[in-house]
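Novice: For the record, the sequence lines run as chains A and B. Taking my numbering, the leading residue of the first sequence gets 1, the next gets one more, and so forth. Taking my numbering, the leading residue of the second sequence gets 267, the next gets one more, and so forth.
In case anyone wonders, no lab produced these hints; they're calculated from the structure. Mixed in with the good hints there might be a few duds.
A few chain A residues that face chain B, going by a derived Cβ cut-off under 8 Å, partial list only [unchecked claim]:
hint, residue
1, A67
2, A165
3, S172
Quick look at which bits of chain B chain A covers, simulated, 3 or more residues with Cβ under 8 Å [stated by the list, open to error]:
hint, stretch
4, 340-350
5, 544-552
Here's a subset of chain B near chain A, in silico, CB distances under 7 Å, partners left out [what the hints assert, rightly or not]:
hint, residue
6, A315
7, P320
8, L335
9, H354
Glycine included, each C-beta is placed from N, C-alpha and C at the ideal position.
In case you want the letters, here they are:
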Amino acid sequence: MKNKGYLPISLLLAVLLPLLLMPLAAIFVFAGRGGWDSLVSVLSSADAQFALRFSIIIASLTAIINAVLGTYAAYVLSKYRFRGREALSVIVNLPVAIPTVVVGTSLLLLWGPIGLLGQFLDPLGIQPMFAPAGVLLAHLFVTFPYMLGAVKPVLDELEVTYEEAAYTIGASRMQTFRHVILPALKGGLFSGTLLTFAHSLGEFGATVMVSGNLRLRTQTGPLYIFAQFEAGNLEAANAVAAVLAAFSFVLFFSMLRLTRRRGRAD
Amino acid sequence: MSIRLENLSKRFGHTLVVNHVTLEVADGELFILLGGSGSGKSTILRLIAGLLSPNAGRIVLDGRDVTALAPQARGVGFVFQNYSIFRHMTAWQNIEFGLRIRKTPSAERAARVQELLDLVGLTGLGQRYADQLSGGQQQRVALARALAYRPAVLLLDEPFGALDVKIRAQMRESLKQIQRHLKVTTLLVTHDQEEAFELADRIGVIEHGSLWEVGPPQEIYHRPRTEFVATFVGGGNVLVGRAQGGRIALGSIDLPMPADAPAHEEDSPVRILFRPESVVVQPEPLDARAGLFPLGRGQACERVFAGALQRLRLTMEGLRGVRPLSPLPTFGQATTQLEATLPGELDARSFAPGTPLWVGIRRYHVLDSTGMKMLICAQAAPDGDAAIEVGCQLATAASDPVMLLSTAPSAQALAPARERLETLRQRWLERLPRLEARARQGEWSTEILLHAQEGHYELVVLERSAGQVGLDATALQLLEMAEVPVLLVAQPHRSFVRVLVCTAAGEPGKADVRFGGRLAKRIGASVTLLHVQREGASSEEAHRAQRHLEQAKSSLQALGVQAEVLVQREPAVHRILDTAEQGKYDLIVIGAPAPRSGRPMREADLATPIVAGTLLPVLIVPMAE
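My request is simple: use the sequences and hints to build the entire structure.
Specialist: Quick look at the structure:
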C-alpha cells in the first residue's frame, strides 16, 4: 500500500535535518570555508598528516588482526560445545556495552607502568601504554565484537554437514576451511572488516586514555581534531574531520553496494 | 566383502546408541538400514564414514580396516539428507571438488564431471548454483559429487526425506538405476518402509541401536523372525497360541505347525503372523479348499475405504481367549480382533459393520520362539535392586527378552521413575539387547497385574524384603489372576547352576516340572526333582509318585536338562529347606494351586513357609487344575 500525502515525510525530514543531515553537511561547509588553499595547507602540516596516517595504519592493523581473531573466536564458539561457552559468548560481546573511556582506564590499570601486568614489563623497558601499541590494544578491544557479530551468525547457519561432506569427499581440515567455510563467510568477513575499520578510524574515548595524546607519536585523527578544536584552531580541526568523514562515507557506501550485490546473487 | 561391521558399539554419554552391530554388505549390493528415529541407523552410517568414532568394534571397507582412519582416507561417498551442496560453487564445481582435491588432471576432470551430470540426469545444468536448482536436482548433484572419485562405498543418509512424494519416487527410480549401472556397494538409511522394500537387495531392521533382522525384502515382510519386525514393517495380525502336540492351539481352533517353523517347546507360546491381505473374508461359509485355514465366524466392526483397498477390522467370535499382540485391541474389547484388507472394488455392503462373515487365512507364518518373556518389577527398593540383578542375570544366561517395569503414584513422580529405569536399562543393555523399560502411572500391584496380562509375559520377577513373611498381595494376585509364574527374590544371587524342583505327584505336579525344566534348559542349569512323601502313604500312592518322577525325569532329559530324583519323608518344609541349603541350590521351584480348583493341595501350604524360610530366589508356578 502506498500512502499519498507528504505530511509524514516532511515531519521525518524536519526531525532528521537538525539531528543527522545538518551536522554531516556542517563538517564540509566549515572545512571549505577558508578556501581550498587553506585546506591543503592545513592537511599538509606534519601533525595532521601524521594523525591521518597513524589512524589509517591503526585501523588497518585492527581490522586485519580482528578479522583473524574474530573469525577464529566465532568458529570455536559456533562449532564447539564446551562448558562455559554461553558465558564466553556474552563476555566477548561486552566491549560494545562498556563506555570506551572505561575501557581505556582498565587498560591503563592493566598495562600501565604500575598496572597489574605492566609493572613486570616496565623493568624490561616495555611500555605498551602511551605508545602506538597501547592504541592498537585499545582498538582491538573496542572493536572485537563487530567481527564476531558479522561472522558468527553465518557460521551458526552453516550446518556441520557441509564440513562433513567436504571431509568425506577427501578434503583436509585446511582445504575444507579454505574451499568450503571461507567462501561461505565471505560476505560476513567483508562487512565485519569494514565495520571494524570504520569504528577504529573514529575511536576516541579509549584512545584518549591510553595514548597520552602525544603529537607525532600517538595522536590519531580524532585526537588531533579534538586537540585543535580545544586550541581554537577550528580550520585545522574541520579539515581533518572532513577527510575522516569522507573516508567513512566511502567505506560505508562500498559496504552498502557490496551487501546489495550479494543480496541479488543469493 | 565391501562393508563389514564387527561388533560395532557407540555411546553418547551414558546412552548406548549402537549396540554391538555386526553386518556384512556384499560387493555391489544395495543394503538398507530401516529404523525409526533415534534407532541409531544414522549413527552407524556416520561411524562408517568416519565422522564419528566407535567405542568398540571394527569397520572393514573393501578388506581394509578403516576403524582408526580419518574420513578423508576412507574413500566413501556420503549423501546427506539436507544435500549440503556447497552454495558458492556451481553444480559442476561441486561435482569436481573431490577430483580437484585429488589433483586429477583437468581434462580427465571435465570428462568425468560431464559423464556424471549425464548419469544423474542434469545434463546442461552444470553452471547452476544450488539456489537455482530444485531439491531433487540438488540431491542429484550431491549424488554425483559423492560418486565423482569412484568411492568403494556409497552411503546415503535419508537421502529422499526432504523431497515431496512425487520427486521421491523419481529419485528412487534413478538411484536404483545408477546403483545397478555402477555396481557400487551402497548402504542407505531410511525410516520409510516403502522405500526400503522398493530399493533394497537386503534390509536390516534396527531399533534401540541393535540390528534385529537382516534379509531380503520378501523375507522380512513375509517371514520375519521377531515380533518387533513383524509389527514394524507393514500391518500385521500377530496372535499367540500354544504349541500342543505338533499343532498350534488357537482358542477353539487349531492350525498345523508348519514344517519349517522354528522349534517350539511343548506348551510354550507360539506367535503366528498373517498379513491383512492374507485374510479371506466372505459372507458365505468357506469351503474347505486346500491351502485355506478357516478361523471361524466373525463380523466387521469397522470399515475404511482407501482407494485400491478397503480395510476391515473384524471381531472374531471363534477366537475368544486368543491373545492378540497386534492389532492392539480397542479399549474395553474382550473378543479378539483381526485386520483384513480386501480389494477396493468388492461390494462394500457385504462387509458393513455387524454383518456376519466367515473368516480364514491363506497363509501364516510362525515367529521365532521368544524365549521366556520376563517382566521384572523394578520398583525402587531400599534394599537395592535384587530383583533386577537376578532377573537380568537369568535373562542374560538365557538370552531372553526383558521388560523392566516401574510404577509411580503421580504424574510428577513418573519422570524420576523413568530416569531411574533408563539408567538401569543402560547398565544392562550391552548384555541384554532386548531389554525394554517402561514406567506406568498408577497403583503398584494393579499396574503389574495389568502389564503382566497385556504383555503375555511368561515370568514375573518380584522383589521381596528379607524380613517379609510369606507371599505378599502382589504375588498372590499374579499367581491367581494372571496365572503367571512368579520369581520372588530377596537378595542378589550371581550364578544359577542347580535348580531344586519340588514336585507333587500326578497332574498338578507337571506344571512346575515343565516350567522349571524350561527355565533350567535356558540358563543351562541341572535339575533335582524333590518329592516329599506323605507319612503313611499307601503303596499305590508311592507307586504313582514313582511313576510321576520317572516321567518327569525323562521329559527333562528330553529337553536336554540333566536331572536327578530325590524322595524324602515329611515334614515337607523342613526337608525342602534343608535340601536346598545343603545341596547348595541356586533356585527353588515350587507349585501353587490354581484358585479355582478349590481342592486343598499340600503345596498351597508349602509356598508360604518356604518363601519365609529361605533367602534363595523362589519360583512359584501356578498349577493347572
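Novice: All hints, please: hold or fail.
Specialist: Results for each hint:
Because the beta carbon of A:A67 sits about 19 Å from the nearest beta carbon in chain B, more than 8 Å, this interface hint is broken. Below 8 Å, beta-carbon pairs count as interface contacts, and A:A165 has one with chain B at about 4 Å; its hint therefore holds. A distance limit of 8 Å between C-beta atoms decides the matter here; for A:S172 the minimum to chain B is near 6 Å, and the interface restraint holds. Counting residues of the stretch 340-350 of chain B whose beta-carbon sits less than 8 Å from any beta-carbon of chain A gives 8, enough to reach three: the coverage restraint holds.
For the stretch 544-552 of chain B, the assignment as covered by chain A is violated, since 0 residues bring a beta-carbon within under 8 Å of that chain's beta-carbons and 3 are needed. This hint holds: B:A315 has a C-beta 5 Å from the nearest C-beta of chain A, less than the 7 Å allowed. Evaluation of the B:P320 hint against chain A yields a violated restraint, the C-beta minimum of about 17 Å exceeding 7 Å. The restraint placing B:L335 at the interface with chain A is violated, with a minimum CB-CB distance near 12 Å, outside the 7 Å limit.
Taking 7 Å as the C-beta cut-off, the interface hint given for B:H354 holds, the closest approach to chain A being about 4 Å.
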